[in-house]
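Those sequence lines, one after another, are chains X and W.
Heads up, the final residue of the first sequence is numbered 307 in the working numbering, and it's a clean run with no missing numbers.
Heads up, the final residue of the second sequence is numbered 1113 in the working numbering, and it's a clean run with no missing numbers.
Calculated directly from the structure, the hints in this document are not laboratory data.
Backbone N, C-alpha and C fix where the C-beta goes; we use that ideal spot for every residue, glycine too.
Take these hints with a grain of salt, some might be off.
Examples of chain X residues lying across from chain W (beta carbon under 7 Å, computed) [as the list claims (entries may be wrong)]:
#1 G47
#2 D263
#3 A267
Between beta-carbon pairs, the in silico distance windows are [to be verified]:
#4 W:F1094 to X:T289: 50 to 58 Å
#5 W:G1067 to X:R145: 39 to 47 Å
#6 X:R6 to W:V1041: 51 to 59 Å
#7 X:P16 to W:G1067: 49 to 57 Å
#8 X:G4 to W:D1066: 40 to 48 Å
#9 X:N2 to W:D1012: 29 to 37 Å
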Amino acid sequence: MNVGARLQRLLVAAYPPSFRHRYGDELASLVEDSGPSWRDSLDLALGVCRAWAAPVFGGGPAEQRRSRLQSTTITVLAAWCGSVLAAAGLAKAVDDPPLHGLHGAAWTAYDVGTVVVECTAATVLLTGFAFWLAVMVPALRARRRDVVAPALAPAFVVAAWLGATGLVGLFARHEVPAAGIALTWPRGALVLSVFVAWLALTAACVAGCAASASVALRRARLSVTNLATSTVVAAVAAVGIAAQATASVVCLVSLGGTGGGLDPRDAVFCAGSVALAVVATSVAAVSATRGLGALRPGPPGRLGHTT
Amino acid sequence: MPRVADDPKWTDPGLLVLGSLADGAKHGYAMVHDVEESAGVRLGPGTLYGAIARLEARGLIEALDDGDSRRRPYRLTARGVEVLERQLAGMQRFAALGRKRLARFTPALGGTS
């Protein structure tokens, strides 16, 4: 299989799960029959973007509504995971150790943002646990391993992450000198590599948790009533994600305005975290709005369009 | 003279798919070829299945279950026929009016037709 064919297979796999489930085999067959071409690859890439940005759900009106609510729940969950990463990144950049400019408006914004992150996390985790039970109990009774395995996976992922974080902590205690003492080559490179690897592992673990929870939720096929509740919780979480992003932006702007002590590395880290929070906010807000729209009774076909 | 590629388009993928299914059920590959022959437009796989998904969600086309999930044929529904007829009638009116205006206007320009 050449590069073009591999790329096209990857692009077909990049479609949203609901689209892939319905059209994936046909699309893959058409791509194989047509043969690899860069023009088709570009067309597929644009198709993937459109399918994620404005998903179309098949089936009757009831099934379309169910798919919309489920998609909102999963999307906002993924966006929340991204916002948690962004909050951790911002905290590391400005509060570990605390910057000398972290006071006044910057401190207020950072503090408010932290409280919002904690409240949103409590809401998502508590309701998430209730939904986890709603997925797990029937799946265990029915011995559905296809649901139980992805529903249990986040626990293993978190345990592995905690173990790795403990090891990194031990390494840091041993290798990182006290404040004010500069690291020298090659020790500095080793410490930086371990820190970057830990960041990558954290991002992968968060993505893994979101993905496995999504798979479990999709396979469990929760009722519309349950999904309506999860959509309302998702909308609340989207408000929290937006508030956190706003607080992050205010904190960054205030730190920048006062010259707050951000060195270039911290500034890049901080800006990256804020950018991630803003992207998470956009994704969560769009998806929550569409989900809330699907809760209102509407004419058939409306949901399949652009809601 | 502007390039053909810059000309205004009437080639909405959804309309092309509906037009392709007007003479019977077809699967994706057959639709691509039919549209290329009849309208001179090559629908890419992403564009084609994006259009199919939207049309199916609106109830304008439906899949026929013939057992082969890799080459599933689609056909127009009654609502799809209605929408296609309405669109074609609109295009026909537009084309007739455009030709009529052009016929009146081109002599004034010293046109060739």
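Right, here's what the structure says about each hint:
1. G47: OK, holds: G47 of chain X within 7 Å of chain W, min 2 Å.
2. D263: Where the cut-off is 7 Å and the nearest Cβ of chain W is about 44 Å from D263 of chain X, the hint is violated.
3. A267: Violated, about 39 Å.
4. W:F1094 to X:T289: 50 to 58 Å: Between F1094 of chain W and T289 of chain X, where Cβ atoms are some 36 Å apart, the hint is violated.
5. W:G1067 to X:R145: 39 to 47 Å: 28 Å Cβ-Cβ, so the 39 to 47 Å window is violated.
6. X:R6 to W:V1041: 51 to 59 Å: About 28 Å separates the Cβ atoms of R6 of chain X and V1041 of chain W, which means 51 to 59 Å is violated.
7. X:P16 to W:G1067: 49 to 57 Å: Violated: the Cβ-Cβ distance is about 26 Å, outside 49 to 57 Å.
8. X:G4 to W:D1066: 40 to 48 Å: Once the Cβ atoms are compared, 30 Å apart, the range 40 to 48 Å for D1066 of chain W and G4 of chain X is violated.
9. X:N2 to W:D1012: 29 to 37 Å: 33 Å, holds
Checked against the numbered hints listed earlier, the structure breaks hints 2, 3, 4, 5, 6, 7, 8; every other hint is satisfied.
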